[in-house]
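The lines below spell out each chain.
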Amino acid sequence: MTADPEPQSDDALLHDLQHAAFSWFRARVSPVNGLVPDTSRPGSPVSIAGVGFALSAWPIGVARGWMTRADALAHSLAAVRFFRDAEQSERPEATGHRGFFYHFLDPVSGARVWRCELSMIDTALLIAGALTAAAWFDADTPDEQELRDIVDQLYRRIDWEWARNGGQTLRQGWKPESGFLNYGWEGYSEAILLYVLALGSPTHPIGVEAYEGWTATYQWENLYDQDLLYGGPLFVHQFSHAWIDLRGIRDPFMREKGSDYFENSRRATRLQSEYAWRNPNGFTGYGVHCWGFSAGDGPTDENPEVTGEERRQFGYAARGVPYGPDDGTLSTWTVVSSVPFAPELCLATLRHVLAHHPQTLRDGCFVSGFNPTAGWVSDGTYALDQGIVLLMLENARSGTIWRLLRSCAPIRDGLRRAGFDGGWL
Amino acid sequence: MTDAHEAERAQNLHPPDRRNPTPAERYDLVVIGGGPAGLVAAREAAARGARVALVERDRLGGDCLNTGCVPSKTLLRTARLYADLRTAEHYGGRVPSDLRVAFPAVMERLRRVRARISRADSVRRLEEAGVDVFLGEGRFTGSATVDVDGDRLRFRKAMVATGSRPDAPAVPGLVEAGFLTNETVFDLTELPGRLLVLGGGPLGCELAQAFCRLGSKTAIVQDAPLFLPKEERDAAQILSDAFARDGLEVRLNTRALAVRRAGGAIEVDLQVDDHRSTITVDAILTGTGRLPNVDLGLDRAGVEFDRSTGIRVDDHLRTSNPRIYAAGDVCLAHRYTHTADASARIVVQNALFRGRKRFSALVVPWCTFTDPEIAHVGLHVREARERGIPAKTFTVLMHDVDRAITDSEDRGFVKIHVREGTDTILGATIVARHAGEMVSELTLAMVAGIGLGRLADVIHAYPTQAEAICKAADAYRRTQR
Numbered sequence: 004m005t006a007d008p009e010p011q012s013d014d015a016l017l018h019d020l021q022h023a024a025f026s027w028f029r030a031r032v033s034p035v036n037g038l039v040p041d042t043s044r045p046g047s048p049v050s051i052a053g054v055g056f057a058l059s060a061w062p063i064g065v066a067r068g069w070m071t072r073a074d075a076l077a078h079s080l081a082a083v084r085f086f087r088d089a090e091q092s093e094r095p096e097a098t099g100h101r102g103f104f105y106h107f108l109d110p111v112s113g114a115r116v117w118r119c120e121l122s123m124i125d126t127a128l129l130i131a132g133a134l135t136a137a138a139w140f141d142a143d144t145p146d147e148q149e150l151r152d153i154v155d156q157l158y159r160r161i162d163w164e165w166a167r168n169g170g171q172t173l174r175q176g177w178k179p180e181s182g183f184l185n186y187g188w189e190g191y192s193e194a195i196l197l198y199v200l201a202l203g204s205p206t207h208p209i210g211v212e213a214y215e216g217w218t219a220t221y222q223w224e225n226l227y228d229q230d231l232l233y234g235g236p237l238f239v240h241q242f243s244h245a246w247i248d249l250r251g252i253r254d255p256f257m258r259e260k261g262s263d264y265f266e267n268s269r270r271a272t273r274l275q276s277e278y279a280w281r282n283p284n285g286f287t288g289y290g291v292h293c294w295g296f297s298a299g300d301g302p303t304d305e306n307p308e309v310t311g312e313e314r315r316q317f318g319y320a321a322r323g324v325p326y327g328p329d330d331g332t333l334s335t336w337t338v339v340s341s342v343p344f345a346p347e348l349c350l351a352t353l354r355h356v357l358a359h360h361p362q363t364l365r366d367g368c369f370v371s372g373f374n375p376t377a378g379w380v381s382d383g384t385y386a387l388d389q390g391i392v393l394l395m396l397e398n399a400r401s402g403t404i405w406r407l408l409r410s411c412a413p414i415r416d417g418l419r420r421a422g423f424d425g426g427w428l
Numbered sequence: 002m003t004d005a006h007e008a009e010r011a012q013n014l015h016p017p018d019r020r021n022p023t024p025a026e027r028y029d030l031v032v033i034g035g036g037p038a039g040l041v042a043a044r045e046a047a048a049r050g051a052r053v054a055l056v057e058r059d060r061l062g063g064d065c066l067n068t069g070c071v072p073s074k075t076l077l078r079t080a081r082l083y084a085d086l087r088t089a090e091h092y093g094g095r096v097p098s099d100l101r102v103a104f105p106a107v108m109e110r111l112r113r114v115r116a117r118i119s120r121a122d123s124v125r126r127l128e129e130a131g132v133d134v135f136l137g138e139g140r141f142t143g144s145a146t147v148d149v150d151g152d153r154l155r156f157r158k159a160m161v162a163t164g165s166r167p168d169a170p171a172v173p174g175l176v177e178a179g180f181l182t183n184e185t186v187f188d189l190t191e192l193p194g195r196l197l198v199l200g201g202g203p204l205g206c207e208l209a210q211a212f213c214r215l216g217s218k219t220a221i222v223q224d225a226p227l228f229l230p231k232e233e234r235d236a237a238q239i240l241s242d243a244f245a246r247d248g249l250e251v252r253l254n255t256r257a258l259a260v261r262r263a264g265g266a267i268e269v270d271l272q273v274d275d276h277r278s279t280i281t282v283d284a285i286l287t288g289t290g291r292l293p294n295v296d297l298g299l300d301r302a303g304v305e306f307d308r309s310t311g312i313r314v315d316d317h318l319r320t321s322n323p324r325i326y327a328a329g330d331v332c333l334a335h336r337y338t339h340t341a342d343a344s345a346r347i348v349v350q351n352a353l354f355r356g357r358k359r360f361s362a363l364v365v366p367w368c369t370f371t372d373p374e375i376a377h378v379g380l381h382v383r384e385a386r387e388r389g390i391p392a393k394t395f396t397v398l399m400h401d402v403d404r405a406i407t408d409s410e411d412r413g414f415v416k417i418h419v420r421e422g423t424d425t426i427l428g429a430t431i432v433a434r435h436a437g438e439m440v441s442e443l444t445l446a447m448v449a450g451i452g453l454g455r456l457a458d459v460i461h462a463y464p465t466q467a468e469a470i471c472k473a474a475d476a477y478r479r480t481q482r
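Quick note, the sequences are listed as chains H and W, same order. Just add 3 to the spot in the first sequence (first one is 1) and you have the working numbering. Just add 1 to the spot in the second sequence (first one is 1) and you have the working numbering.
Some hints could be false.
[To be verified] 20 angstroms max Cα-Cα, derived SDA-like pairs, lysine to any residue: (1) H:K178 - W:A225; (2) W:K231 - H:E189; (3) H:K260 - W:E387; (4) W:K231 - H:N185; (5) H:K260 - H:R250; (6) W:K74 - W:V102; (7) W:K472 - H:W280; (8) W:K218 - W:T182; (9) W:K472 - H:D230; (10) W:K218 - W:S241; (11) H:K260 - W:R478; (12) H:K260 - W:R482; (13) W:K74 - W:E7; (14) W:K74 - W:A243; (15) W:K231 - W:V365; (16) H:K178 - W:D224; (17) H:K260 - W:R420; (18) H:K178 - W:V273; (19) H:K260 - W:E384; (20) H:K178 - W:K472; (21) H:K260 - W:T425; (22) W:K231 - H:P283; (23) H:K178 - W:L271; (24) W:K218 - W:L271; (25) H:K260 - H:G425; (26) W:K472 - W:T425; (27) W:K231 - H:Y186; (28) W:K472 - H:P283; (29) H:K178 - W:R277; (30) H:K178 - H:C119; (31) W:K218 - W:G264; (32) W:K231 - W:G422.
Hints are computed from structural coordinates only; laboratory data are not their basis. These numbers were taken from a predicted model, which means no experiment stands behind them.
Let the hints inform the model, and build the full structure from the sequences given.
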């Protein structure tokens, strides 16, 4: 990977970014339990969502010749066996409860860390990765059959209905110390994947009214002369697309609006560029080809005393535009992840960032964030960031992940129950 | 605090040496409660020839004048001055080197403004308008009689407009430790060094921001994920950012568990999810809801009521006693001065002039006067969808409005919701420094049946922040290509 003046072809650029993202997982996966750390920083716990991306990374690695099928299977089996055997109970030190898993785990013991929440969305990301592995490893061999059986067991075990806590929609999390968290899913977000998996469960499916209750909070907006469903941080418009091919299929809401979620993500991507061009807060570096507002590190991670009356700066935060928060921090990995939606815009932006901010590329991966106004660059990279980059670039280049999950019964069932139809459905 | 302003206010609103008049044989309308609803009803009925009596046990003007809108907006304006001074560099100015808040002067201005406005609501002005004013505790003694400190008032029709009072959260130790409400906070003579505001509704948000700007180290606790739960998520997000810029400590999803005195300070135990902490403050201000004032012998008059929601009225604002109506906070879910005013007008027409006006036919705007302000009228998108109405929102960011940019007041938006496929305005939310002024245009449009597309033909003076509405209308027009 190079940021020197010699231009690479678009495909070469994307290949290098994708390979670096894959290498991020390859370099960090535990051969013992198949888990990967949340970040590149020493002492990082495991993020179960990161493991979900890792489980999806291995098939890509095999398909592209970056690892053997045997190695990929070994990592995948180690991970799913770990989750199958890990403690599921109400104990605060367990790994999970009711089939769900805690957001962050100890990389060796697998115990819950940081008093974190039992996370519905992160469990969904983990399961999506597991289902990807199960779809990929389809050979009639004992190990691959075992993997498929364990994934099925993990998915069937999840009590999605319990996660509604008696309400109409799903809760975001639960803690043994305090019960369900005091917020659900309001407004459009990355929860399509979560709801599809919950609706498609053969054992604990939620009612369709849950999805209807969530989509009832949507707001269809004409924003910067584009009609879209706004979601703030760009990862909201990307995560479900990592696994589900949402091109051309529509739920009742999108049928009503004459659009689909893929087109919506394209518009959301363009909106970020439009906002950066306007740059209402006058931050350094912003422009049509310098944007990327999503979740990531920020300046006050390293400089907690850096604050300003008019320009506040955050640490790790979910940045979104145009409503905020925006503290001048950009995340280029989110631009990479939008290549399928708006390839020309995203590639132009990538080239601009590489030319003007080459220091934001570390070992071929875009770091979590950088803030030109503060002169700050994150020293960390995240599994979530590299995972979404890896999967979205694969979908852009070959559609492999989309194709695998299109054949996945729970995904199809969940989409249909949510009211999606048309296209490949 | 007793000064010339307070003396004038008292003389205007409840003269200490005044004697009640001799009651008339029978009144066309007896109004119980001299707040906004009562005053409007009494004046209008008298102006149209009715024999009117107004009963007030405390001060005329009610909450709005004495302990609500008037003092709070006066305080907010001074607070905004200091906020702008602190950010003078943003406007190309210089922050004064010796910027200090003189709290006594702040409160003196508050009292002066309140006294000035009290002249219009005075006993003398009411009597000049032909209203018999009875100062004292009014209680129903039958289906057509009200007693006021021994005087019996007979009426053909009556209107109850006794308003509401602050409801305190049930936090152990809060009462013993003492707390401020809107009824006491404007009597402060010293700025609290550390203030905790319980409640993230309009009152809590407004006063938390104000006191923070005046120099109190202020924290606001809200037991929901966002402030102003009835407002749009995006509006609450912008407000949270504004609070953070002011230095207001924001604690969402947080409950107060217990309060206790600790030396000269107050300790409050807080919980968010499974995490507990304790905050030490000098004063607590609560803004966690209001209760209707219904202790006036309503049962003797055959008027049905609920202690939490108030007097039960039909859409014509008539109670279960056909002679008796109600208006304002005592019976309405929307507890604003302007709804009190509007409901009082409905009552006068329906009670005295055979009107059939309905409260549900009103288009009611409201505004939270934080900075930026958050104003709303009509339906939210979610409400429209619950009613099966497909909706589309046209959004204009204030950072696209020239006057907002020139004034460095460009955080916010105008969102106008229309019925999908039409330009019929269902509702709107405005977040802007002058949102309260701007929303009236959309209220008018909705009342007059003017669609969003038509608003594009309305010339808006340039440059004004209200142009944001025109821009939204233009955006609608562009979708009609």
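Evaluated hints:
1. H:K178 - W:A225: Holds. K178 (chain H) to A225 (chain W) sits at ~17 angstroms (cutoff 20 angstroms).
2. W:K231 - H:E189: holds, 13 angstroms
3. H:K260 - W:E387: holds, 17 angstroms
4. W:K231 - H:N185: holds, 16 angstroms
5. H:K260 - H:R250: Holds: K260 (chain H) and R250 (chain H) sit about 15 angstroms apart, inside 20 angstroms.
6. W:K74 - W:V102: holds, 17 angstroms
7. W:K472 - H:W280: holds, 19 angstroms
8. W:K218 - W:T182: holds, 18 angstroms
9. W:K472 - H:D230: holds, 15 angstroms
10. W:K218 - W:S241: OK: K218 (chain W) and S241 (chain W) at ~17 angstroms, within 20 angstroms.
11. H:K260 - W:R478: holds, 18 angstroms
12. H:K260 - W:R482: At roughly 17 angstroms apart (the allowed maximum being 20 angstroms), R482 (chain W) and K260 (chain H) satisfy the hint.
13. W:K74 - W:E7: holds, 18 angstroms
14. W:K74 - W:A243: holds, 18 angstroms
15. W:K231 - W:V365: Cα-Cα ~14 angstroms, so holds.
16. H:K178 - W:D224: holds, 17 angstroms
17. H:K260 - W:R420: holds, 12 angstroms
18. H:K178 - W:V273: It holds: about 12 angstroms lies between the C-alpha atoms, which stays within 20 angstroms.
19. H:K260 - W:E384: holds, 18 angstroms
20. H:K178 - W:K472: Violated, because 46 angstroms separates the two Cα atoms, which is more than 20 angstroms.
21. H:K260 - W:T425: Holds, because 17 angstroms separates the two Cα atoms, which is no more than 20 angstroms.
22. W:K231 - H:P283: Outside the cut-off at roughly 28 angstroms; violated.
23. H:K178 - W:L271: holds, 17 angstroms
24. W:K218 - W:L271: holds, 17 angstroms
25. H:K260 - H:G425: holds, 14 angstroms
26. W:K472 - W:T425: Since the Cα atoms of K472 (chain W) and T425 (chain W) sit roughly 16 angstroms apart, the hinted pair holds (cutoff 20 angstroms).
27. W:K231 - H:Y186: Holds, at about 15 angstroms.
28. W:K472 - H:P283: Given pair K472 (chain W), P283 (chain H) holds - Cα atoms ~18 angstroms apart, limit 20 angstroms.
29. H:K178 - W:R277: holds, 14 angstroms
30. H:K178 - H:C119: holds, 7 angstroms
31. W:K218 - W:G264: holds, 19 angstroms
32. W:K231 - W:G422: violated, 26 angstroms
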